[in-house]
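Line order of the protein sequences matches chains A and B. For this note's numbering, add 2 to where a residue sits in the first sequence, where the first one is 1. For this note's numbering, add 2 to where a residue sits in the second sequence, where the first one is 1.
I should point out that these hints are in silico values taken from the structure, not numbers from a laboratory. Some hints here could point you the wrong way.
Note: identical chains are not told apart, hence a pair may lie in one copy or across any two.
[Stated by the list, open to error] Derived DSSO-like pairs: lysine-lysine, alpha-carbon spacing no greater than 27 Å straight-line: (1) K227 with K274; (2) K254 with K226; (3) K295 with K315; (4) K235 with K126.
Just so we're clear, the structure is a prediction, and the values are computed from it rather than from any experiment.
There are 2 protein chains.
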Amino acid sequence: MNKITTLFNIRYPIIQGGMIWCSGWELAAAVSNAGGLGLIGAGSMYPETLKEHIKKCKAATGKPFGVNVPLLYPQTDEIIKIIIDEKVPVVFTSAGNPAKYTAFLKDHGITVVHVIANKKFALKAIDAGVDALVAEGFEAGGHNGFEETTTMVLIPSVREVCDIPLIAAGGIATGAAMYAAMALGADGVQTGSRFVASEEASAHINFKKKVVEAGDGDTYLTLKKLVPVRLLKNEFFRQIHELEMSGASREKLAEVLGRARAKKGMFEGDTKEGELEIGQVAGLIHEILPAEKIIENLVREFNETSERMSGMKI
Amino acid sequence: MNKITTLFNIRYPIIQGGMIWCSGWELAAAVSNAGGLGLIGAGSMYPETLKEHIKKCKAATGKPFGVNVPLLYPQTDEIIKIIIDEKVPVVFTSAGNPAKYTAFLKDHGITVVHVIANKKFALKAIDAGVDALVAEGFEAGGHNGFEETTTMVLIPSVREVCDIPLIAAGGIATGAAMYAAMALGADGVQTGSRFVASEEASAHINFKKKVVEAGDGDTYLTLKKLVPVRLLKNEFFRQIHELEMSGASREKLAEVLGRARAKKGMFEGDTKEGELEIGQVAGLIHEILPAEKIIENLVREFNETSERMSGMKI
Numbered sequence: 003m004n005k006i007t008t009l010f011n012i013r014y015p016i017i018q019g020g021m022i023w024c025s026g027w028e029l030a031a032a033v034s035n036a037g038g039l040g041l042i043g044a045g046s047m048y049p050e051t052l053k054e055h056i057k058k059c060k061a062a063t064g065k066p067f068g069v070n071v072p073l074l075y076p077q078t079d080e081i082i083k084i085i086i087d088e089k090v091p092v093v094f095t096s097a098g099n100p101a102k103y104t105a106f107l108k109d110h111g112i113t114v115v116h117v118i119a120n121k122k123f124a125l126k127a128i129d130a131g132v133d134a135l136v137a138e139g140f141e142a143g144g145h146n147g148f149e150e151t152t153t154m155v156l157i158p159s160v161r162e163v164c165d166i167p168l169i170a171a172g173g174i175a176t177g178a179a180m181y182a183a184m185a186l187g188a189d190g191v192q193t194g195s196r197f198v199a200s201e202e203a204s205a206h207i208n209f210k211k212k213v214v215e216a217g218d219g220d221t222y223l224t225l226k227k228l229v230p231v232r233l234l235k236n237e238f239f240r241q242i243h244e245l246e247m248s249g250a251s252r253e254k255l256a257e258v259l260g261r262a263r264a265k266k267g268m269f270e271g272d273t274k275e276g277e278l279e280i281g282q283v284a285g286l287i288h289e290i291l292p293a294e295k296i297i298e299n300l301v302r303e304f305n306e307t308s309e310r311m312s313g314m315k316i
Numbered sequence: 003m004n005k006i007t008t009l010f011n012i013r014y015p016i017i018q019g020g021m022i023w024c025s026g027w028e029l030a031a032a033v034s035n036a037g038g039l040g041l042i043g044a045g046s047m048y049p050e051t052l053k054e055h056i057k058k059c060k061a062a063t064g065k066p067f068g069v070n071v072p073l074l075y076p077q078t079d080e081i082i083k084i085i086i087d088e089k090v091p092v093v094f095t096s097a098g099n100p101a102k103y104t105a106f107l108k109d110h111g112i113t114v115v116h117v118i119a120n121k122k123f124a125l126k127a128i129d130a131g132v133d134a135l136v137a138e139g140f141e142a143g144g145h146n147g148f149e150e151t152t153t154m155v156l157i158p159s160v161r162e163v164c165d166i167p168l169i170a171a172g173g174i175a176t177g178a179a180m181y182a183a184m185a186l187g188a189d190g191v192q193t194g195s196r197f198v199a200s201e202e203a204s205a206h207i208n209f210k211k212k213v214v215e216a217g218d219g220d221t222y223l224t225l226k227k228l229v230p231v232r233l234l235k236n237e238f239f240r241q242i243h244e245l246e247m248s249g250a251s252r253e254k255l256a257e258v259l260g261r262a263r264a265k266k267g268m269f270e271g272d273t274k275e276g277e278l279e280i281g282q283v284a285g286l287i288h289e290i291l292p293a294e295k296i297i298e299n300l301v302r303e304f305n306e307t308s309e310r311m312s313g314m315k316i
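Produce the complete structure using the sequences and hints provided.
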C-alpha cells in the first residue's frame, strides 16, 4: 500500500496513460483488471463514443478506472457531464487550466488528477485542489511541455513544492525505471507508450509494430511553434520538422499538419503520412504483450530492481 | 567497492565532469581529495595551460584524477602528448571518434573513458577498447547529442549493449538522482553542473550565482544546426535561439555566436552576452559549496535514498 494505491483503491501504483486513438475501454478495463489504473483517453472521442466506452469499461471490470480529459476541446462541458452521469470514479485532466473543473468534479465524488510539466502548473493544480499530480517529462510521447524538463529533473523539482501524491510519467516502460522514478520522489508511475504496444490497445497494428521496431533516437519533439509533440520519425515527421527548422510560420505548419493526422497514423495505420505519437522509451519496448503481462512484468522488474539495490551503500 | 571505484581506484563512484572554463586543477584536486574522481577540462586550455594545471593538480592531490579531452580541437595531438608525459592516470574523451586515441593511451597505461549520447557511439567506443562509458542525457549542460535521449531512457538503452562499466550523466546533482541512475543500470555517475556551483570551480562568481538562482525551465538546448548546446536562458540565448527558430543558416548562427562566447560568460562573468553552459539540474542547485561538501552530500543523500527505498516491494 502506498499513497497512489490508497488514493485510487488499486493494487499496484501503475497508471496506464490515457491516449488518443490508443486507449479505449478494452485497454483500460484490462489494465484495471490486472491491478493498475486503466484510463480511457477521451481526447479522440466524440461525447457519444466516450459514453459507450465508459459503459463497456464498467461492464468489463468491477475495478476502478478513469478517463483522461484534455481540456482543450470545445465539447469538454459535455464530456464532463457524461463522466459525472456515468459515475466514473477517476478523472485525469491535462492540457488546460486545472481550476476550471476540479472543484466541480470533486463535488461529485470524483478523484481528480492533473497532468503538468513544470513547477508553476504543479502549484496551480495544487491550488485548484487536485488529489494528485502527474509530472510528465520531455521524453514522454505526444503533447509535451515547452520547458523540455526531463523526468530525472522534473520529479525532484515538483516534489520540492508538492505534498500530494505524485505520479511520474515519461521514459517509464520497465520496472527498473519505475523504481528509479520512485527513488526520485514519485509515489507511482504512468506509462502510455508501453501500453500502446499491448494487445488491447486500439492503436492500429501497423503503429504497434512501429513502436516495437523503434530504436534509440527514433522519436523527436517537434511542432514547437504550435504545441510541442513527440513523434516517431517517419515521412510526415521529416516533412513537418524540416519546415519548422526552416522558419515556417504557425499558419504554414498548421496547414501542412492538416486535420486528423493522428487518427491517420495511430488508428488507421498509415505509418508514413500519419502522426505517430510515442515516447523515447519506444526504444526499450521489444514486443506486443497483453496488458496483464505488461503489469506483471513491471511488478516483477520493480521487485527485482529493489532486490538488486537492496542495502546498497556508498 | 563497485566497478567504477575499482576501475579508478577511488572511494566513491562519483566523477566531476570535465568542463570548459569551470574545472581547473583546484576543482579536480578538491574532488579527488574528497574521494571522487576530479577531471581537468582541457577543452578551454592551451596545451601549456593544461600542463600547468596537471602539475598543480599532482602537487595538490596524491589521489587519482583525470583530464577530459574533447577531440575536436586542432591541438589534440599535443594535448595527448602532455597527458602521457605527465603520467595522468585517467583520460575522458568526448566529441569525436574514440578509435583515434584509445589504444594509444591505453598502451601508455592510461584508463580511457569515452562520453557518448546514443547506442551507436556506445558500440563504437566499446569496439575501440575503452575501459568505461559515460552516457550523457539530453538534460546535461553544454554540448549534447542530436538524438536528445534523456538519462532515464539512455542509461537502460546503453546498458542493453554494454558490459563495461557505465557512468550516467545528465540531470544528476543529488544523491537521490545518483541512486536512480544506478537503479537504471549505471555503475556510477558524473556531474558537471553541481560542481560549477562549487567554491573551487574556476567559473566566474557571476555565473555560479546564476546557476544557484536558476529555476525550473531556465535552460534550453539550442544551436541545433551547429552543435546542440544547453544554455542558461539569458540575453545571448534569446538572441541566438530566436535566430535559429526563424530559420537562420549555419553561417549566420556561427557569425552571431562569434568567438569566445563561452569564455565571456562562464569565465569573465558577462551573464548577459556570454554563453552560460549548464544542465537542467541547475534548478535543483541552491547554494555554492566546497567540493568536499558536495561529495559528502551526494554520499549522504544516496545512502538516505537507499534506506528509504530499502525492501520496497509492490
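Hints and how they fare:
1. K227 with K274: both (22 Å within a copy, 25 Å between copies)
2. K254 with K226: Answer is both: 13 Å inside a copy and 22 Å across each meet the 27 Å cutoff.
3. K295 with K315: Intra 33 Å, inter 18 Å, cutoff 27 Å: inter-copy only.
4. K235 with K126: between (34 Å within a copy, 23 Å between copies)
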